[in-house]
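Visitor: Note that the protein sequences, when read in sequence, are chains A and B.
In the working numbering, each residue's number is its place in the first sequence (first place is 1) plus 25.
In the working numbering, each residue's number is its place in the second sequence (first place is 1) plus 2.
There's no promise every hint is true.
To be verified - Below, a list of computed lysine to aspartate or glutamate pairs in the EDC-like style, where the Cα atoms sit at most 16 Å apart: (1) Lys39(B) x Asp61(B); (2) Lys70(B) x Asp57(B); (3) Lys34(A) x Glu44(B); (4) Lys104(B) x Asp33(B); (5) Lys73(B) x Asp26(B); (6) Lys73(B) x Asp57(B); (7) Lys104(B) x Glu84(A); (8) Lys96(A) x Glu77(A); (9) Lys7(B) x Asp26(B); (10) Lys58(B) x Asp33(B); (11) Lys96(A) x Asp51(A); (12) Lys127(A) x Asp33(B); (13) Lys104(B) x Asp81(A); (14) Lys127(A) x Asp97(B); (15) Lys70(B) x Asp26(B).
To be verified - Anything over 10 Å on all C-beta distances counts as not near chain A; from chain B, calculated: (16) Asn9; (17) Leu13; (18) Glu17; (19) Asn24; (20) Asn29; (21) Met31; (22) Asp57; (23) Lys58; (24) Gly62; (25) Phe64; (26) Lys70; (27) Ser71; (28) Lys73; (29) Val80; (30) Ser87; (31) Pro117.
Quick caveat, the hints were computed from the structure, so don't treat them as lab data.
Small disclaimer: the values here were computed from a predicted structure and weren't measured.
Heads up, the beta-carbon is just placed ideally off N, CA and C, and yes, glycines get one too.
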Amino acid sequence: NAGVTQTPKFQVLKTGQSMTLQCAQDMNHNSMYWYRQDPGMGLRLIYYSASEGTTDKGEVPNGYNVSRLNKREFSLRLESAAPSQTSVYFCASKVGTSGGGKQFFGPGTRLTVL
Amino acid sequence: DQQVKQNSPSLSVQEGRISILNCDYTNSMFDYFLWYKKYPAEGPTFLISISSIKDKNEDGRFTVFLNKSAKHLSLHIVPSQPGDSAVYFCAASRDGSSNTGKLIFGQGTTLQVKP
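Isolated chain A, as found in the complex (with noise of 0.2 Å):
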């Protein structure tokens, strides 16, 4: 199992430009999150899908949208990127639809906005 995988690694855009990151898992789980960390600030929640077909805003989802596209499949696209959306993007997902229970996280991605 290759767990949470995210694509690209690294990303560096210009102010304006649009990219969709990519996120897939192979544990057959429900639940899929998309996080941002910031120094000094821990990670936030932009979005989240409970289960296929569903997604919800979290703390911070302004200028992100997201797609969950099937079960493995959950993508979150900057439209106009800014400079302010420069940070480490990370996927996970659980295996529940609701309640508590770990969180798999995938490696990230270091996205630089110029």
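Dock chain B against the given chain A, drawing on the hints supplied.
Guide: What follows is chain B alone, placed relative to chain A:
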């Protein structure tokens, strides 16, 4: 408003000694807590968790203590090893079928274990 706080950005301990990492939370609705460990350039990995029905959970060298009245949890690592050097995040969520399992993370504490 930071609902989960780790007030110590860093901690340095000697190999073989105990490491104690602390975490405070403000939302009394949180009832499930987790600790994650993160090495540079990697994603966080799950370490240990505790439900609010317990006040202690152990897994090998790692023990998490929960004090609900103080809204405080701590992670004890005994004995500490150089390989434990990493950033540690505490996280909180609400259990139960009506909750989505979203995690709220603290800012992280960087642990350095010196040989």
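Visitor: Now tell me, hint by hint, if it's right for this structure.
Guide: Structure-based check of all given hints:
| no. | hint | result |
| --- | --- | --- |
| 1 | Lys39(B) x Asp61(B) | 14 Å, holds |
| 2 | Lys70(B) x Asp57(B) | 8 Å, holds |
| 3 | Lys34(A) x Glu44(B) | 10 Å, holds |
| 4 | Lys104(B) x Asp33(B) | 12 Å, holds |
| 5 | Lys73(B) x Asp26(B) | 6 Å, holds |
| 6 | Lys73(B) x Asp57(B) | 11 Å, holds |
| 7 | Lys104(B) x Glu84(A) | 10 Å, holds |
| 8 | Lys96(A) x Glu77(A) | 5 Å, holds |
| 9 | Lys7(B) x Asp26(B) | 5 Å, holds |
| 10 | Lys58(B) x Asp33(B) | 13 Å, holds |
| 11 | Lys96(A) x Asp51(A) | 9 Å, holds |
| 12 | Lys127(A) x Asp33(B) | 13 Å, holds |
| 13 | Lys104(B) x Asp81(A) | 11 Å, holds |
| 14 | Lys127(A) x Asp97(B) | 11 Å, holds |
| 15 | Lys70(B) x Asp26(B) | 10 Å, holds |
| 16 | Asn9 | 12 Å, holds |
| 17 | Leu13 | 16 Å, holds |
| 18 | Glu17 | 27 Å, holds |
| 19 | Asn24 | 14 Å, holds |
| 20 | Asn29 | 13 Å, holds |
| 21 | Met31 | 12 Å, holds |
| 22 | Asp57 | 16 Å, holds |
| 23 | Lys58 | 17 Å, holds |
| 24 | Gly62 | 16 Å, holds |
| 25 | Phe64 | 14 Å, holds |
| 26 | Lys70 | 15 Å, holds |
| 27 | Ser71 | 20 Å, holds |
| 28 | Lys73 | 17 Å, holds |
| 29 | Val80 | 22 Å, holds |
| 30 | Ser87 | 18 Å, holds |
| 31 | Pro117 | 27 Å, holds |
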